[in-house]
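Undergrad: Sequence:
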Amino acid sequence: MSDTASHGSSIPDNDKPTFERWRRTFSMITGLGGTPEERQADMERYHGQTCEKWKRDLMNYSPAVVFMLKHLSLSGCRVSSKDIVCSPCDYTRAGGFSPEAGAVVLCQGRFFSKNHMEDTLVHELVHMYDHAKFNVDWRNLRHHACSEIRANSLSGDCRWTRELRRGFVAFSKQHQACVRRRAILSVRANPACPDEAAAERAVNEVWESCFNDTRPFDEIY
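The working numbering puts the first residue of the sequence shown at 23, with every later residue one more than the last.
Treat the hints with caution; some may be incorrect.
Stated by the list, open to error - Here are the simulated DSBU-like pairs of lysine-lysine, each with C-alpha atoms no more than 30 Å apart in a straight line:
no., residue 1, residue 2
1, Lys75, Lys136
2, Lys104, Lys136
3, Lys136, Lys92
4, Lys136, Lys155
5, Lys104, Lys155
6, Lys92, Lys155
7, Lys75, Lys104
8, Lys92, Lys104
9, Lys75, Lys92
10, Lys195, Lys136
Stated by the list, open to error - Here are the simulated distance ranges between beta carbons:
no., residue 1, residue 2, range
11, Lys104, Lys195, 37 to 45 Å
12, Gly70, Ala219, 39 to 47 Å
13, Ser135, Ala211, 22 to 30 Å
14, Phe134, Arg164, 30 to 38 Å
15, Ser231, Glu59, 25 to 33 Å
Keep in mind the hints are simulated off the structure, nothing from the lab.
Glycine included, C-beta positions come from ideal geometry on N, C-alpha and C.
Construct the entire structure; sequences and hints are all you get.
TA: Right, here's the structure in full:
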């Protein structure tokens with residue numbers, strides 16, 4: 023009797039991989055069981071897999087992303103999945119564009135939804151488009167400001183629902199206010215920018231022409 027009960031409570035060898043996956047998933051979700059290193063590794067693996075899946079979906083099925091990829095190709099800049107990299111990042115951003123590498127970084131684990139990743143990817147693809155088509159000098163604050171204005175305006179980053187989530191609520195020219203605020207923050211982070219006044223000045227100087235430039239879209243997305 024006791025031998026039978028003991029044997030009945032063990033896990034058959036062919037079920038052990040399934041049980042181990044369940045145990046690791048349970049540990050990752052609840053924080054119970056496993057070592058902190060195991061939980062961290064499992065979380066990073068999960069975020070990486072989710073990021074790659076969403077990236078593939080967006081590159082194939084998102085109208086805005088597919089549109090940007092098409093117009094990048096027409097501008098002589100063909101973008102493959104290898105040029106859009108999922109990677110862990112710091113907690114201050116969701117994505118970035120590297121002019122030197124000609125690549126977009128998507129910060130895995132920093133997206134609260136696939137729509138959030140879509141907005142971020144379109145934002146960075148606008149930067150890539152500007153770099154390919156207009157030969158942007160990213161240390162020139164006016165150049166940088168113009169691309170930030172366009173990327174924030176055209177990507178969906180400043181739609182009303184995103185602003186509401188950030189705690190910014192207004193019913194008059196909220197889109198413009200968001201674009202201006204976020205562009206100034208980005209230019210201020212440029213190593214060539216001495217202070218916030220210089221960032222504001224650069225954004226103000228190019229605001230009208232760059233906000234009204236919706237290329238390659240016909241209008242604000």
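Undergrad: Can you list which hints this structure breaks, lowest number first?
TA: The structure conflicts with hint 15 only, although it agrees with all the remaining ones.
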